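Undergrad: Those sequence lines, one after another, are chains A and B.
Positions 65 to 351 (the numbering used here) are the ones given, in order, by the first sequence.
Positions 28 to 332 (the numbering used here) are the ones given, in order, by the second sequence.
Because the hints were derived from the structure by calculation, they are not lab data.
No experiment lies behind these values; they were computed from the predicted model shown.
No residue lacks a Cβ here, since even glycine has one placed at the ideal position from N, Cα and C.
Please note that a few of the clues may not be correct.
As the list claims (entries may be wrong) - According to the in silico footprint, chain B covers these stretches of chain A (three or more CB under 8 Å from chain B): (1) 114-121; (2) 132-141.
As the list claims (entries may be wrong) - Chain A residues, not near chain B, derived (Cβ > 10 Å throughout): (3) Glu124; (4) Ala145; (5) Pro208; (6) His210; (7) Ala217; (8) Glu219; (9) Asp239; (10) Ala275; (11) Arg278; (12) Gln304; (13) Glu319; (14) Arg334; (15) Val336.
As the list claims (entries may be wrong) - Simulated DEER-style distance windows between Cβ atoms: (16) B:Pro72 with A:Asn66: 29 to 37 Å; (17) B:Ala332 with A:Ala275: 19 to 27 Å; (18) B:Ala117 with A:Arg143: 27 to 35 Å; (19) B:Gly69 with A:Ala145: 31 to 39 Å; (20) A:Glu259 with B:Leu222: 58 to 66 Å.
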Amino acid sequence: MNRFVWLASYPKSGNTWFRVFLTNFLRDGDAPVSINDLADAPIASARAAFDLAVGYDSSEMLADEIERLRPEVYLHRARQAHEPIYCKIHDACTVLPDGRALVPPAATQCAIYIVRNPLDVGVSLAHHFGHGDIERVIREMADPAHALFATKAREMNQLRQKLLTWSGHVRSWVDAPEMRVHVVRYEDMKLKSEETFASALRFLGLPDDAARVRKAIAFSRFDELRRQEEASGFSEKLLQAKAFFRQGEVGSWREVLTSEQVRHLIAEHRTVMTQLGYLTPAGELTF
Amino acid sequence: MNVSPAPHRHRVFGLNVDACVPLPVEARADDAGPADVEIVEGSVPSDLPNVRVHGVRFQAADGRAMLTVDGVARFLVEAGRRITIARDAAADDDDVRVFLLGPVLGALLNQRGELVLRGSAIAVDGKGVLFLGASGAGKSTLAAALKKRGGVFLADDLCVVRPAADGSMSVHAGFNQLKLWPDSLAQLGMPLSGLPCVRRGLEKRRVTPDGGRQPQPVLVRKIYVLRGPSRRGIAFTPTEGVRKFNLLNQQTYRSGFIDGLDEKIGHDRLAMQLAQQVPLTIVHRSDELSQLDTLALRCLKDLRA
Chain A
65 MNRFVWLASY PKSGNTWFRV FLTNFLRDGD APVSINDLAD APIASARAAF DLAVGYDSSE
125 MLADEIERLR PEVYLHRARQ AHEPIYCKIH DACTVLPDGR ALVPPAATQC AIYIVRNPLD
185 VGVSLAHHFG HGDIERVIRE MADPAHALFA TKAREMNQLR QKLLTWSGHV RSWVDAPEMR
245 VHVVRYEDMK LKSEETFASA LRFLGLPDDA ARVRKAIAFS RFDELRRQEE ASGFSEKLLQ
305 AKAFFRQGEV GSWREVLTSE QVRHLIAEHR TVMTQLGYLT PAGELTF
Chain B
28 MNVSPAPHRH RVFGLNVDAC VPLPVEARAD DAGPADVEIV EGSVPSDLPN VRVHGVRFQA
88 ADGRAMLTVD GVARFLVEAG RRITIARDAA ADDDDVRVFL LGPVLGALLN QRGELVLRGS
148 AIAVDGKGVL FLGASGAGKS TLAAALKKRG GVFLADDLCV VRPAADGSMS VHAGFNQLKL
208 WPDSLAQLGM PLSGLPCVRR GLEKRRVTPD GGRQPQPVLV RKIYVLRGPS RRGIAFTPTE
268 GVRKFNLLNQ QTYRSGFIDG LDEKIGHDRL AMQLAQQVPL TIVHRSDELS QLDTLALRCL
328 KDLRA
């Protein structure tokens, strides 16, 4: 029954890039796949998939009512599946008030947790939500109650996703009980591509054939993704963002964040940043 | 004295409905005939025997369907004629009604072989216009905007379309209720205060449309399928052929409740009939609600062209 392969991350951490690589690798074609035609299932918080599994429209259910059903929905979908379900997820790996995990280990094959330097995540988030307000993003990344699609003012096509703080999000997945989790850093996908992607494939039980990996990496290069988005749009871009594939660099925070903002982010997330190697034990930034 | 288990006698979607809770539609006259559908409170089993199709909170078997809404009620839907509600102690009438008038009634109508569509219906210049689309696409809001400009309100949330003897497809008046979010109400210039919430905990409001009701079914002359907001702004794209049929099929209300092959075939045939008779246009709207007036006017222009 363990079917879900979660592709988990805090938003703007390289999840889509990983999925584009994975699709290119699995399809093993002669040309790059379309970014609008990726191999994975709809995001874990897609309302349509939830409604289909529950059996009726959830548009008038309360967010807490929906949350209480989500573990059973994943168990149900896992039971019906005949092959692995690669599923993107931004939710933190939380525990419901009744003690059940939002993401049931019994429905899970394993998880890839994609993580990125929170300084770069902050910059990217401000662009993604179109407001450019770094202070607001820093506050949200430090707020344990922060959630996506949580508004009560209108209908949304995704379910509420509790993110916790950025640090809390990382810990919730990396330390999730009874779950096999493999951490992939954005910076390593960028700077040590072959080794990083091959290692992820081995974790997933997929062949790490070097030529096939190299081809998939080439087909998922950032300039290819940006070219595709400019040509035909990208379905996951929010209306208010100028572009989804914006810069794709490591360390672009240096051009944007003030030293006060940097200090603030480090103060909030020092422990996890150090554990992930974004800070040396002496507290110096590595990227 | 015997107290009827279903004392509220209504007529909606062209059906006589006797219900144990008041429904947002007029009472029917005493001489209007017996009930086609009965909605009663009672006990409901926790599982149906011989389940053929099931999801996390629904089951369907042998002309019966069961929907469970945790903390609200279990609903048993039988042979298109009877709904039994086993209500949770904590649930109030609003909680029950929200699901009863939506997915539960949708299941019953499917069992009756009806073509049910998710969306709103308005009569403009005597012609039936359907506004279909996914949750949140703006169907109720646009329907309300057209009603403001002289349209006659027919239905919101669920539309029932039936063939007449000559095969022409008509939409039947539904409940006398429009459900709108605060953002939409603001855009329509309608005050929030005094409008009850659809249920506790949800900001969506129930509006009782004023103006005349349409007792007779109205021929469907146009279908709009609304897409969510787009950077391109307002765009009207007429659609034909297979694409049109597939799109229409996506808007129908069924999701697994149709558990028999005969029902599926019957359902598709009705959808095909509707697709053959009625022009369908995909509508993209602007990402700003403030464009609602412009969209409504474009719609009217399109209808009168």
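Undergrad: Now tell me, hint by hint, if it's right for this structure.
TA: Taking the hints in turn, this is what the structure says about them:
1. With 7 residues having a Cβ less than 8 Å from any Cβ of chain B, the region 114-121 of chain A passes the three-residue criterion, so the hint holds.
2. Given as covered by chain B, the region 132-141 of chain A passes the check, having 5 residues with a CB less than 8 Å from a CB of that chain where 3 are the minimum.
3. Here Glu124 (chain A) does not stay apart from chain B, with its beta-carbon only about 5 Å from theirs, under the 10 Å limit.
4. Annotated as non-interface, Ala145 (chain A) keeps its C-beta farther than 10 Å from every C-beta of chain B; the closest such distance is 15 Å.
5. With 10 Å as the threshold on Cβ separation, the claim that Pro208 (chain A) sits away from chain B holds: the shortest Cβ distance comes to roughly 22 Å.
6. The beta carbon of His210 (chain A) is kept farther than 10 Å from every beta carbon of chain B, the shortest such distance being approximately 20 Å.
7. Residue-level check failed: Ala217 (chain A) sits 6 Å from the nearest beta carbon of chain B, not beyond 10 Å.
8. Non-interface call for Glu219 (chain A) relative to chain B: violated, since the shortest CB-CB distance, roughly 3 Å, does not exceed 10 Å.
9. Interface exclusion of Asp239 (chain A) from chain B stands, the closest Cβ pair being 28 Å apart, more than 10 Å.
10. At roughly 40 Å from the closest C-beta of chain B, the C-beta of Ala275 (chain A) stays outside 10 Å, upholding its exclusion from the interface.
11. A cut-off of 10 Å between C-beta atoms confirms that Arg278 (chain A) is not in contact with chain B; the least separation is 36 Å.
12. Look at Gln304 (chain A): its CB is around 8 Å from the nearest CB on chain B, not clear of 10 Å, so calling it non-interface is violated.
13. At roughly 27 Å, the least C-beta separation between Glu319 (chain A) and chain B is larger than 10 Å, which holds for a residue marked as non-interface.
14. Distance check on Arg334 (chain A): its Cβ is at least 38 Å (rounded) from any Cβ of chain B, clearing the 10 Å threshold; non-interface status holds.
15. With a closest Cβ-Cβ approach of about 34 Å to chain B, Val336 (chain A) is found to remain outside the 10 Å limit, as its non-interface label requires.
16. Look at Pro72 (chain B) against Asn66 (chain A): about 32 Å separates their beta carbons, and that is inside 29 to 37 Å.
17. Separation of Ala332 (chain B) from Ala275 (chain A) is about 59 Å and departs from the stated range, judged on CB atoms against 19 to 27 Å.
18. Distance hint check: the CB atoms of Ala117 (chain B) and Arg143 (chain A) are about 30 Å apart, consistent with the given range 27 to 35 Å.
19. A hinted range of 31 to 39 Å holds for the C-beta pair Gly69 (chain B) and Ala145 (chain A), which are about 37 Å apart.
20. Separated by about 60 Å at the C-beta atoms, Glu259 (chain A) and Leu222 (chain B) satisfy the suggested range of 58 to 66 Å.
Comparing the model with each earlier hint shows violations of hints 3, 7, 8, 12 and 17; every other hint is respected.
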